[in-house]
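Undergrad: Work out the full structure: start from the sequences and follow the hints.
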Amino acid sequence: GAGVSQSPSNKVTEKGKDVELRCDPISGHTALYWYRQSLGQGLEFLIYFQGNSAPDKSGLPSDRFSAERTGGSVSTLTIQRTQQEDSAVYLCASSLDPTPGYEQYFGPGTRLTVT
Amino acid sequence: GQNIDQPTEMTATEGAIVQINCTYQTSGFNGLFWYQQHAGEAPTFLSYNVLDGLEEKGRFSSFLSRSKGYSYLLLKELQMKDSASYLCAVRDQQGGNTPLVFGKGTRLSVIA
Numbered sequence: 001g002a003g004v005s006q007s008p009s010n011k012v013t014e015k016g017k018d019v020e021l022r023c024d025p026i027s028g029h030t031a032l033y034w035y036r037q038s039l040g041q042g043l044e045f046l047i048y049f050q051g052n053s054a055p056d057k058s059g060l061p062s063d064r065f066s067a068e069r070t071g072g073s074v075s076t077l078t079i080q081r082t083q084q085e086d087s088a089v090y091l092c093a094s095s096l097d098p099t100p101g102y103e104q105y106f107g108p109g110t111r112l113t114v115t
Numbered sequence: 001g002q003n004i005d006q007p008t009e010m011t012a013t014e015g016a017i018v019q020i021n022c023t024y025q026t027s028g029f030n031g032l033f034w035y036q037q038h039a040g041e042a043p044t045f046l047s048y049n050v051l052d053g054l055e056e057k058g059r060f061s062s063f064l065s066r067s068k069g070y071s072y073l074l075l076k077e078l079q080m081k082d083s084a085s086y087l088c089a090v091r092d093q094q095g096g097n098t099p100l101v102f103g104k105g106t107r108l109s110v111i112a
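Chains A and B, in that order, give the protein sequences.
When we follow the working numbering, the leftmost residue of the first sequence carries the number 1, and every step to the right adds one.
When we follow the working numbering, the leftmost residue of the second sequence carries the number 1, and every step to the right adds one.
Keep in mind that the hints were calculated from the coordinates and are not lab data.
Heads up, a few of these hints could be off.
As the list claims (entries may be wrong) - The list that follows gives simulated cross-link-like pairs (lysine-lysine, DSSO-like), each with its CA atoms no further than 30 Å apart:
(1) Lys104/B / Lys15/A
(2) Lys11/A / Lys104/B
(3) Lys68/B / Lys104/B
(4) Lys81/B / Lys57/B
(5) Lys57/B / Lys57/A
(6) Lys11/A / Lys81/B
(7) Lys57/A / Lys11/A
(8) Lys17/A / Lys57/A
(9) Lys57/B / Lys68/B
(10) Lys57/B / Lys104/B
(11) Lys104/B / Lys81/B
(12) Lys57/A / Lys15/A
As the list claims (entries may be wrong) - Chain A is faced by these chain B residues, among others (derived, beta-carbon under 10 Å):
(13) Ile4
(14) Pro7
(15) Thr8
(16) Ser27
(17) Asn30
(18) Ala42
(19) Ser47
(20) Asn97
(21) Thr98
(22) Ile111
Everything numeric in this text was worked out from a predicted model, so none of it was measured.
Virtual Cβ for every residue (Gly too), placed ideally from N, Cα, C.
TA: This is the structure:
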């Protein structure tokens, strides 16, 4: 079946502009996560949605970052007034609750470059 | 704070065995995961350990010692396609599929 998809695959933007990154999770997966991966760094948790519960926003690095998940499916990560340090690969993952080990399935990521 | 340590890089020979170690210090523990990530691609799930001991899955095995905060991933009969980054990740919260805390990954190069 279809996996997690993300768009765009690459995004180049100028410093100060806003960007929106999209994630389509696997159908039926109740949990959705956003991580980012900077060069030489591990995956950094950003935000987590589980069903209809309030999202866990504890990983968002600043108030310029926000995310929403509409209808329990598609999610959009918005970065306002982008900075050069926002350049990274933004990965979305989804997970079915429950699965053995609660495996997370990752999308291919969006590579964001802020110039 | 949360701390997950693994070697940055390793090199091994095709056909050999390699062990990638991971140590962790987290506020809680509810399972340890290994993921494989080829350059420019999404991480893919390899293994999951929540109890002490060895989990074997084909050429890959993963070991966990909760008392030592230690895991390793063992890759046997190495193939060139195993050249990738291997990510150790810990679920530090209870309650199901909560987010993972990742190490920086170990980049494995398999040489002929």
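Undergrad: Does each hint fit the structure? Answer for all of them.
TA: So, going through the hints one by one against the coordinates:
no.	hint	verdict
1	Lys104/B / Lys15/A	holds, 27 Å
2	Lys11/A / Lys104/B	holds, 24 Å
3	Lys68/B / Lys104/B	holds, 20 Å
4	Lys81/B / Lys57/B	holds, 17 Å
5	Lys57/B / Lys57/A	violated, 35 Å
6	Lys11/A / Lys81/B	holds, 29 Å
7	Lys57/A / Lys11/A	holds, 23 Å
8	Lys17/A / Lys57/A	holds, 22 Å
9	Lys57/B / Lys68/B	holds, 23 Å
10	Lys57/B / Lys104/B	holds, 24 Å
11	Lys104/B / Lys81/B	holds, 21 Å
12	Lys57/A / Lys15/A	holds, 24 Å
13	Ile4	holds, 7 Å
14	Pro7	violated, 13 Å
15	Thr8	holds, 9 Å
16	Ser27	violated, 12 Å
17	Asn30	holds, 9 Å
18	Ala42	holds, 4 Å
19	Ser47	holds, 8 Å
20	Asn97	holds, 4 Å
21	Thr98	holds, 7 Å
22	Ile111	violated, 22 Å
Checked against the numbered hints given earlier, the structure breaks hints 5, 14, 16, 22 and satisfies all the rest.
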